[in-house]
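Undergrad: The listed protein sequences correspond, in order, to chains A and B. Position 54, counted from 1, in the first sequence is what the numbering used here calls 114; the numbers after and before it change by one each time, with no gaps. Position 320, counted from 1, in the second sequence is what the numbering used here calls 380; the numbers after and before it change by one each time, with no gaps.
It is possible that some hints are incorrect.
Since copy identity is lost for identical chains, a pair holds within one copy or between any two.
[As the list claims (entries may be wrong)] Here are the computed lysine-lysine pairs in the DSS-like style, where the Cα-Cα straight-line distance is at most 30 angstroms:
1. Lys242 with Lys89
2. Lys93 with Lys82
3. Lys339 with Lys144
4. Lys242 with Lys347
5. Lys285 with Lys153
6. Lys358 with Lys242
7. Lys259 with Lys347
No lab work stands behind these hints: they were computed from the structure.
Protein chains: 2
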Amino acid sequence: MEKKLIGVDLGGTSVKMAILTKDGEVEEKWSIKTNISDNGSHIVKELGDSLNQKLTELGLDNQQFYGVGMGTPGTVNYEKGIVKGAYNLNWSKEQHVRDGLARITGLSIFLDNDANVAALGERWKGAGEGGANVVFVTLGTGVGGGIFAEGQILHGVRGAAGEIGHVTVMPENGYQCTCGKKGCLETVASATGIVRVAKEMAKEFSDVSELKQLISDEKEITSKKVFDLGKKNDQLAVAVIDRISFYLALALSHIGNMLNPEKIIIGGGVSAAGDSLLKPIVSYFEKMVFPVVRESTKISIATLGNDAGIIGAAWLALPDDEDQEA
Amino acid sequence: MEKKLIGVDLGGTSVKMAILTKDGEVEEKWSIKTNISDNGSHIVKELGDSLNQKLTELGLDNQQFYGVGMGTPGTVNYEKGIVKGAYNLNWSKEQHVRDGLARITGLSIFLDNDANVAALGERWKGAGEGGANVVFVTLGTGVGGGIFAEGQILHGVRGAAGEIGHVTVMPENGYQCTCGKKGCLETVASATGIVRVAKEMAKEFSDVSELKQLISDEKEITSKKVFDLGKKNDQLAVAVIDRISFYLALALSHIGNMLNPEKIIIGGGVSAAGDSLLKPIVSYFEKMVFPVVRESTKISIATLGNDAGIIGAAWLALPDDEDQEA
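Working from the sequences, and respecting the hints, build out all of it.
TA: Here is the structure:
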């Protein structure tokens with residue numbers, strides 16, 4: 061029988077888990093609540109127990125698996141299998157996740173951070189179509205990313221490769237970012253960044269606009285509202301979408317000119333805007349990239365949604381010679 | 061006896077060649093003139109003959125070599141060993157360089173483009189100190205680059221990875237670049253780009269300045285002149301160096317935030333300016349990068365000069381398990 065994979069997507073509210081074939085097809089999917097009490101000290105034990113229990117239920121044993129791949133918040137030390145700084149799990153101190161989970165399950169454990177694992181999922185079974193050079197950018201509460209180049213995820217010397225949200229797109233007069241510096245892509249292209257840009261642009265906007273009115277009336281607005289009003293041709297919303305598309309295209313053009321991937325995939329909550337976001341980005345992007353890149357690097361919207369994490373995590377456990385390139 | 065390496069750096073005026081130990085020490089170095097007559101059809105034959113002759117002279121045979129690594133202008137098809145579009149060699153049509161050279165020498169041949177090969181040299185034996193993540197940026201007539209990430213050179217899907225000279229640093233009101241788009245780093249940070257910036261800034265500059273006077277008198281100025289006057293505290297020159305350092309730092313910050321390499325190395329003719337260039341770049345760079353990158357990604361000036369090409373080329377022929385990491 062062909063060996064299978066296990067993918068685990070550890071988040072601040074739930075732990076998603078799945079059993080997949082070696083071709084990345086999800087056969088079984090379940091989740092448990094993340095127990096962050098007592099400094100998150102129960103997390104590894106509870107998810108390990110849940111895995112063991114599921115394998116027992118299904119009559120499967122360890123020999124039938126290549127191993128467990130897992131995406132986690134925080135900074136991952138790949139050599140030692142240690143996670144630190146995962147504040148939404150209350151893991152402020154170093155956690156020996158790999159060895160802990162291996163002890164409980166008896167399986168081989170492979171770790172990477174959650175943004176990289178989502179990138180791996182979209183690259184393997186989503187919009188990346190198995191390409192060797194694929195970059196994933198996620199637009200949510202923050203802006204994150206993962207870079208898959210020449211067949212592997214890039215980590216950089218201290219694990220900060222793929223910090224696309226902190227690429228400087230406003231080198232002068234930029235907004236303050238939570239990271240400490242100014243003008244980061246995240247300050248204008250995350251869900252909250254888009255609202256910030258809308259509020260700033262509303263100040264200067266004098267034409268009729270429902271969005272302008274909502275902001276003047278101090279109603280709560282969201283990035284989704286901006287895109288919805290854009291579709292209704294609200295002139296302020298159209299201008300806001302144009303502005304944030306410009307900043308996104310600028311950051312994506314740097315990815316294109318430096319890495320020339322076959323695909324740049326946009327995911328996360330904001331990507332639900334679909335073509336309303338994709339079209340203006342592509343239009344700016346094409347003006348900002350080197351001719352060969354314009355012909356060969358394509359931008360698309362993510363297709364896997366919440367499953368990107370478990371699928372990409374599972375890929376980590378796949379032996380090198382089993383990777384299915386498109 | 062330990063096997064050796066051969067490095068070849070093919071350029072438009074000369075072909076530099078060297079025999080190196082497997083640790084990258086140059087033992088023998090020579091060059092021939094590049095014969096670009098008859099559509100460059102003699103190039104491969106002449107360099108192959110020169111290699112054979114040198115090995116005979118030295119009493120060495122093919123069994124004593126891992127192979128020949130070679131850097132070439134143009135676009136390299138790595139799978140097929142074909143070079144095309146190397147216009148300074150008069151190679152407008154596809155050239156089967158790998159097979160041709162292998163036939164003449166009986167040695168294994170490994171190709172990459174000249175910018176990547178220089179990056180490999182600096183990374184292996186120069187300022188990169190053998191690191192696994194090193195980016196090389198060369199400031200000369202143009203601006204080029206090579207990215208070494210997680211132990212390998214990145215090529216991208218169509219060979220355009222590392223086109224750092226075409227990163228957009230002036231997204232609005234940028235200068236026209238030879239590549240067809242506007243606002244490329246090359247338009248402001250190449251040797252000619254620096255002169256362009258000096259001439260533009262001179263128009264608005266009203267204080268006393270020798271550089272301003274030279275430009276007003278239509279004297280020929282060079283990027284070296286700008287740096288020399290900067291050292292003498294010429295106020296226009298100081299302002300020009302500040303401006304181009306800002307653009308360079310911006311492009312390098314994108315490298316830092318996306319790839320988090322341990323080193324970004326600046327080479328090429330303009331890098332002879334040394335600290336006068338490095339200091340203002342580092343100062344801007346530190347304001348533009350994510351905190352972890354600020355701590356872990358360092359910028360330095362190249363150290364190998366013209367030998368970077370032959371050394372990096374030789375590295376291509378080194379078997380994977382012989383790479384000497386620092």
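Undergrad: Under a CA distance limit of 30 angstroms, which applies to Lys242 and Lys347: within one copy, between copies, both, or neither?
TA: Cα proximity of Lys242 and Lys347: in one copy and across copies (25 angstroms, 8 angstroms).
Undergrad: Measure nothing new, just compare the shortest in-copy and cross-copy C-alpha distances for Lys93 and Lys82 to 30 angstroms and report within, between, both or neither.
TA: So Lys93 and Lys82 pass the 30 angstroms test inside one copy only (27 angstroms; across, 55 angstroms).
Undergrad: Between the shortest in-copy and the shortest cross-copy C-alpha distance, which are at most 30 angstroms for Lys242 and Lys89: within, between, both, or neither?
TA: neither (41 angstroms within a copy, 49 angstroms between copies)
Undergrad: Are the CA atoms of Lys285 and Lys153 at most 30 angstroms apart within a copy, between copies, both, or neither?
TA: neither (39 angstroms within a copy, 54 angstroms between copies)
Undergrad: State whether the alpha carbon distance between Lys259 and Lys347 is at most 30 angstroms within one copy, between copies, both, or neither.
TA: both (28 angstroms within a copy, 26 angstroms between copies)
Undergrad: At most 30 angstroms between alpha carbons: which applies to Lys339 and Lys144, within, between, both or neither?
TA: neither (39 angstroms within a copy, 34 angstroms between copies)
Undergrad: Regarding Lys358 and Lys242, is the shortest C-alpha distance of 30 angstroms or less found within a copy, between copies, in both, or in neither?
TA: Result: close both inside a copy and across copies, 29 angstroms intra and 20 angstroms inter.
Checked against the numbered hints given earlier, the structure breaks hints 1, 3, 5 and satisfies all the rest.
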